[in-house]
Amino acid sequence: MVSSTLHAKPAGGRGERGNLVTEHLAQRVFSGELKPGDSIPTETELVDRFAISRASVRSGLQILATLGIIDRQAGRGSTVQEFREWNFLDPMVTTWIAAHADPNPDFLLQIFEFRRTTEPLISAVAATRATARDLLAMEEAYDIMANDWRRERGTAEGASFTDGDIAFHTAIYRATHNLVWAQLAHILRPSILLVIRTSNNTADELRDSLGRHRKLMESIRLRDPEAAFDATLRVMNRTGFDLGIEPTRNDDEILAHLRTRLSRADTGNHPEGPSKTSGNTAGHEKN
Numbered sequence: 041m042v043s044s045t046l047h048a049k050p051a052g053g054r055g056e057r058g059n060l061v062t063e064h065l066a067q068r069v070f071s072g073e074l075k076p077g078d079s080i081p082t083e084t085e086l087v088d089r090f091a092i093s094r095a096s097v098r099s100g101l102q103i104l105a106t107l108g109i110i111d112r113q114a115g116r117g118s119t120v121q122e123f124r125e126w127n128f129l130d131p132m133v134t135t136w137i138a139a140h141a142d143p144n145p146d147f148l149l150q151i152f153e154f155r156r157t158t159e160p161l162i163s164a165v166a167a168t169r170a171t172a173r174d175l176l177a178m179e180e181a182y183d184i185m186a187n188d189w190r191r192e193r194g195t196a197e198g199a200s201f202t203d204g205d206i207a208f209h210t211a212i213y214r215a216t217h218n219l220v221w222a223q224l225a226h227i228l229r230p231s232i233l234l235v236i237r238t239s240n241n242t243a244d245e246l247r248d249s250l251g252r253h254r255k256l257m258e259s260i261r262l263r264d265p266e267a268a269f270d271a272t273l274r275v276m277n278r279t280g281f282d283l284g285i286e287p288t289r290n291d292d293e294i295l296a297h298l299r300t301r302l303s304r305a306d307t308g309n310h311p312e313g314p315s316k317t318s319g320n321t322a323g324h325e326k327n
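Here my numbering is used: position 282 in the sequence shown is 322, and no number is missing along the way.
Simulated from the structure, these hints should not be mistaken for lab results.
Among the clues, some could well be false.
What the hints assert, rightly or not - Quick list of in silico lysine to aspartate or glutamate cross-link-like pairs, DMTMM-like style, CA-CA up to 20 Å: (1) 255 with 180; (2) 75 with 85; (3) 75 with 111; (4) 255 with 203; (5) 75 with 122; (6) 255 with 245; (7) 255 with 293; (8) 75 with 180.
Full structure from sequences and hints, please.
So, in structure tokens, the structure goes:
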């Protein structure tokens, strides 16, 4: 995982006191209480609220400014930036999304769109590059999901279905052995946690999700990029269905184009002809 220098603050020092301001404002911004364009409290207001020095307040505000969340202008105060300016790939930002963003549907939609249009390709690449260790990590994560589903929910100790879900998809990102995709895996935690909070899955829905994940794992194990692409899209379509999110026509067209290119590449590498798994699964279906 990418480490951020913003996390390395000496205990009891200015960085920690400044983080009181950072965490307070992050909660208000990521929950949607403060929206892009809104002004944030002045330095004087924050000094009085937290009974800390102006230097500590400025340190806390600078963290948010560095991440693109607020814009600070001398003499004009600070305002919340538009979403496009935020560094969503920083682990600190994804931590705040997971902790605070469930009332804000904009985050959920944006992250789901990212996953649905990206992960089918990531899984296809993983199917060609996964090592035995990668496959073991997927299987162990899947077992966590399966074991939790078999227990009576809410009464058993141990890792949860959600923990396994996060670990499962993280293992796929890392199985690409691409440094960028592998280091983006931390964005999965807020994405999956937001889904769990919003969808309130039933036992039948979890069983269906488990079956889709197993199909994806087996496709990667069999080194079948097309099947992995399709299986991932079915996992994401189930998620979208549970959340009530409809994919855009443009997203479906892009995915269909990528799927066609993948099929042609696979045909070129296999003299016996197209894979039997070929077909367009880009539609937003539950089954």
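Structure-based check of each hint:
1. Pair hint residue 255 plus residue 180 holds up; C-alpha atoms about 15 Å apart against a cutoff of 20 Å.
2. Between residue 75 and residue 85 the CA atoms are separated by roughly 19 Å; this keeps the pair inside 20 Å, and the hint holds.
3. Taking the CA atoms of residue 75 and residue 111, the gap is near 13 Å; set against the 20 Å cutoff, the hint holds.
4. For a cut-off of 20 Å, the pair hint linking residue 255 to residue 203 stands: about 19 Å separates their Cα positions.
5. Simply put, residue 75 and residue 122 have alpha-carbon atoms about 8 Å apart, close enough for the 20 Å limit, and the pair holds.
6. Only pairs whose Cα atoms come within 20 Å are accepted, and residue 255 paired with residue 245 is accepted, the gap being roughly 16 Å.
7. Under the criterion of a C-alpha separation no larger than 20 Å, the hint pairing residue 255 with residue 293 is inconsistent with the structure, at around 24 Å.
8. This hinted pair does not check out: residue 75 and residue 180 have alpha carbons roughly 40 Å apart, beyond 20 Å.
Violated hints for the displayed structure, listed by number in ascending order: 7 and 8.
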